[in-house]
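J.: Starting from the structure of chain A, add chain B where the hints point.
Going line by line, the protein sequences match chains A and B.
Residues in the first sequence are numbered consecutively from 1, following the working numbering.
Residues in the second sequence are numbered consecutively from 1001, following the working numbering.
Wrong hints could be hidden among the right ones.
The calculated PhoX-like cross-link candidates involving lysine-lysine, where the alpha carbons are at most 20 Å apart (straight line), are [as the list claims (entries may be wrong)]: (1) LYS1067(B) / LYS52(A); (2) LYS1052(B) / LYS67(A); (3) LYS132(A) / LYS91(A).
Hints listed in this document are in silico derivations from the structure and should not be mistaken for laboratory results.
There are 2 protein chains.
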Amino acid sequence: MRNLNQDNITQAVIARFSSTPDARLKEIMTSLVQHLHGFARDVKLTEGEWEKGIDFLTRTGHITNDKRQEFILLSDTLGLSMLTVAMNNDKPAGCTEATVFGPFHVENAPHFELGEDISNGAKGAPCFVRGKVTGIGGEVVAGATLDVWQSDDDGMYDVQHPGIDHAQNRGVLHTDADGNFHFRSTLAVAYPIPHDGPVGQMLMATNNHPWRPAHLHFRIQAKGYETLVTHVFRDGDQYLDSDVVFGVRQSLVADWVEQADGSYLLAYDFVLNPAT
Amino acid sequence: MRNLNQDNITQAVIARFSSTPDARLKEIMTSLVQHLHGFARDVKLTEGEWEKGIDFLTRTGHITNDKRQEFILLSDTLGLSMLTVAMNNDKPAGCTEATVFGPFHVENAPHFELGEDISNGAKGAPCFVRGKVTGIGGEVVAGATLDVWQSDDDGMYDVQHPGIDHAQNRGVLHTDADGNFHFRSTLAVAYPIPHDGPVGQMLMATNNHPWRPAHLHFRIQAKGYETLVTHVFRDGDQYLDSDVVFGVRQSLVADWVEQADGSYLLAYDFVLNPAT
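Bound conformation, chain A alone (with noise of 0.2 Å):
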């Protein structure tokens, strides 16, 4: 294998992963290895460009620690996110739909009853949210864990913020015998998401905005049932057709109804799929 050239070098990088034992990591390594070549020869890649390549992918790892993710945020922006939920979550009609996970989420997040204030001191307007959680159905699920994580009143995650390390607007719930949940929180806002990174010298230099609608994160686990990851967006919100990670479905977008001292209602039901 001397004197490879650019004609023949993607077959023989190929042959070289032809004896990878796992069936799965081989299909997974040749489809990387056309695709990535594909890529630099379509383009005809320079090494300058390569080498600005690695300098932004070194400072995406860089930038990620525990409570930053610039990866996810990478995959978010360039829609790798939405494209594997897609391909990954063909739901029956009927089924509340998912969308993308985010860098946000953090396990272990604290236990609340139900009709528990989550907001623990985060900024923003009083809100109340209420829904059941179903099977296809009409059963109720009764049990089901809910984590539950948003932003505050300023956008950001309690991560986000240097001089808070406890939880804010995050909690794990549980639904009660008739599948009912309802806790207390605060209003969702619009927010960008982190770009003072690579991710955002990449939006700012091809042009697109860094801003989510405003949303409320869902992850739903109950046997039996396939894991529901989504979000329920905020009806009016001007970044709905615009969402900079490609997240919004039609059928996750309600209303957050405004009441007479001020706080706000969120009702939204989640409809699971069977687990296979």
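T.: Showing chain B alone in chain A's frame:
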């Protein structure tokens, strides 16, 4: 732009980059999105595999520092580096061929006078290296700047030794008025690329070894000529046909001739391409 699915999301993402002011960046982003999505679609990437990919890139970023460049190792081992070199260094017959830059070059290495020993205490059999730099018509290239770097007898570059904070087996020299250079060093040996990180895990999982055949790196810069980045490989090395980074070119293989006293002599001339 709502309700994107696996069939229409790629065009939607490409449209998002359609107002990129820089035409070349627009071309690159468009092709990148097509191939990135094409890869995910071809293998029907699962959400768990996507998570593993995010984790792999994150670990690759975190192990990268000013002395270790895991993204370059990844590019090298996927053949992307050599493909990029091949596409951009299509020189006229008679010119010295280029190969990969690798991750171990250090800018601003110490300067040496011709004849000096660049090893600076590095372990290894003594080696004398000499040669001439000319243009394609045979004209001598006086005052060319040669960056030279190589591993020691343990197969390690200075920057890989935790206890060494000074340059070993690396230096900058200039050709004399006749285009000649000569310096002392140590015998180059085969070595494995760093394989205690994500790239090493990838190689192990795909049943590949991490070895490179013995070689000596050169970067040669001279006014009026294209910069040449290349290696000289040691003839007889067992890894010449399975270089983990796909870098070997037969024209770059040379004999390190053992002398009666146990030292070695490498004689190799370089021919530069005129700058366009």
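J.: So which of the earlier hints does this model not fit?
T.: Of the numbered hints given earlier, the structure breaks none, since each of them holds.
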